Amino acid sequence: MVVSAFAVWGPSGVSVNAPPMRQSSLGLLAPWPDAPALAVIHPSARRPPRQAAVLVQLAHALLGARRKTETHSPSEWAETDLLLGTVKGSEAADRDFLQSVQERGNGFGSPSTFVYTLSTAAPAEVALALGLHGSLATLTAGSISGLSAVVRAAKHVGQGRSRACITGGVELPGRGQPTVLGDSEGEIAALFLLEPSAEASGRPTISDAELGFDPEALDRSDSPTATLLALASACAEPRGIGPVEIAGRSREGHWARLSVRW
Amino acid sequence: MSAAITSLGAVTGFGLGLEPAVAALLEGRSAIRPVTRFSTDGLCSSLGSEAPTDAALLAAAAELQQPPAPDRASRLLLAALADALRGRILEPNPRRAVVVGTTKGPLERAVADWECGVAQTEDLLGGPARVLAAATGSRGPVFTTGAACASSAVALGEALTLLEDGCCDEVLVGGTEALHSFIYQGFHALKALAQAPAAPFDAGRTGLTLGEGAAVLVVESLPHAQSRGRRPLALVEGFGTAVDGFDQTAPDPSGAGLLAACRIALARAGVKAHEIDRYHAHGTATVQNDRMEALVHATLFANAPVPVCAIKGALGHTLGAAAALDIAVCAQTLCQQILPPIVNLRHLDPSAPVPAVLGIGRPSPGRLALIANAGFGGINTAVVLRWLG
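Residue numbers (the numbering used here), protein chains in the order written: chain H, -4 to 257; chain U, 145 to 533.
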């Protein structure tokens, strides 16, 4: 299957179908002055939290980049699946809800915040905004949750179970918390649109995608940022004629790998 | 591609084990009682379906010879694993995967850290899946799925695809959820909790009751099971999922998303709707869910009286574990050729008219079941099970 479009938002900025900016700064996502306005792309949104807003804006840019070249009807895009990897999940909303209970009392937690205390709430906002009706789920496998989600999505698309899938990873704990399992990494949201090979020519293909678990082999731990940026970089430009292997391990023993070939 | 369920285990508000839970369910009993694990002062309900104590869970899992699990969701899962294995030995295996569905997993550890101002540096949510992998020497893919109250149905869906991809011979599918005041306060805030025990499809229902529990399903490729002489309890013949795209919390009243999920599952199973012998409903006992499901049932089955079962009046709504428990109970009762009743349902809501199974379990010769689940975010799933006889 092919990566027909990709979009990355990190502390150094946003890139769409282009090499991701070198993440020279740490911490929160960089401002995106040209971001599509939520009021325009998701007019029915009821003040979604930051993680949901980020995903909606980035997914809108992702599909916008793809639609410049696509010939499908909007109804065909409605079947697009969403499978995102996250280890931090809904932590920011969780902490906000807990704070609302602590401040106001046992029976007075914020209902609008509680709605977003699920890892799937932010991607669900993408489905609501963009009119997607395919599958929707998150996947967690340590710090390589995002890369692992791409591996599973690649299998689904490659085996014909999915017409198209928006996949990737998102780690936005907010509040200035350590973003990645103690590593000094910045926040990251990276989305990849996977489609069957016949749907897009001249785009990188993914092959040899595998997951595994080996808790005894803890030779290294890779951050979400490192693995997702490596994948985006490989998708951005050809590097010679051979495939580029993207591999990652978490400190708990999860591992994932795939090959990107132009 | 069909996959074989060859072992089942559970922990519920009825205690340790799937068989006692099914027995109680068939008698029309409910495990919903006043919550004891935290204060419900100031909340609109005081009811829940609580699983056994941590000490009982640890004792139940002792035969697995594992270190004590660090959180309740993992302890529930290990106790369910012990029930599923019951002497069956799983050797370390690189072709065995573990996929666990949960919404909040080890939430108590996260909350404890946040309350102390400690930043988490661990993957807590993935902990129960790794505990299951460690206990079984599983070295294939190990990951956790999130899909709100359909999380463990999606875990089963992923298991099917792992088997179909050929990278695994067997997958341990888990669903687990521990009751925590955070969750209880949240559903209170949403005004979703009932003051009386949940009564799916009942005219007098006032909302859902939360519960906790876990289920473990050992799912294998059919050739793998047959080559080892294991008789499938049931075959998983189809899985489907679709999103409403309607609202974060309320289901699409038209039922379009759930209907789509059911049709995908049926198509993948190669089964027509009229062949289904029982519909195992999500049945949360909220007005919105029950009406939506009644409409889906009427549409899908063209108003045919396909019997409707639902377990949340007995076990409460166990969120991320709900689908795995639904599938486990459905498979077990298919094997017993009996339909479980909808506990607490006495007067069918005329606005959600379904051919419900009332009172106590009743014999049924059917072989095919359709199991539906739905969750926040408009996520819908459906599973087709077949009993081989």
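Please keep in mind that the hints were generated in silico from the structure rather than gathered at the bench.
Being a predicted model, the structure only gives us computed values, none of them experimental.
The reader is advised that the hints may include incorrect statements.
[Claimed, not checked] With a Cα cut of at most 20 Å, we get these calculated SDA-like pairs of lysine to any residue:
(1) U:Lys416 x U:Gly348
(2) U:Lys416 x U:Gly373
(3) U:Lys335 x U:Gln432
(4) U:Lys335 x H:Arg99
(5) U:Lys416 x U:Thr393
(6) U:Lys335 x U:Pro178
(7) U:Lys335 x H:Ala34
(8) U:Lys335 x U:Asp391
(9) U:Lys335 x H:Arg45
(10) U:Lys335 x H:Phe103
(11) U:Lys335 x H:Gly22
(12) U:Lys335 x H:Asp91
(13) U:Lys335 x U:Pro451
(14) U:Lys335 x H:Gly197
(15) U:Lys416 x U:Ala347
(16) U:Lys335 x H:Asp209
(17) U:Lys335 x H:Gly100
(18) U:Lys416 x U:Pro397
(19) U:Lys335 x U:Val179
(20) U:Lys335 x H:Ser107
(21) U:Lys335 x H:Arg256
(22) U:Lys335 x U:Ser325
(23) U:Lys335 x H:Ala231
(24) U:Lys335 x U:Lys416
(25) U:Lys416 x U:Asp391
(26) U:Lys335 x U:Gly348
(27) U:Lys416 x U:Pro451
(28) U:Lys335 x U:Gly186
(29) U:Lys335 x U:Leu187
(30) U:Lys335 x U:Ala448
(31) U:Lys416 x U:Gly510
(32) U:Lys335 x H:Pro28
### Task
Run the structure past the numbered hints and jot down the numbers of the failing ones, going up.
1, 2, 5, 7, 9, 11, 13, 14, 15, 16, 18, 21, 23, 24, 25, 30 and 32
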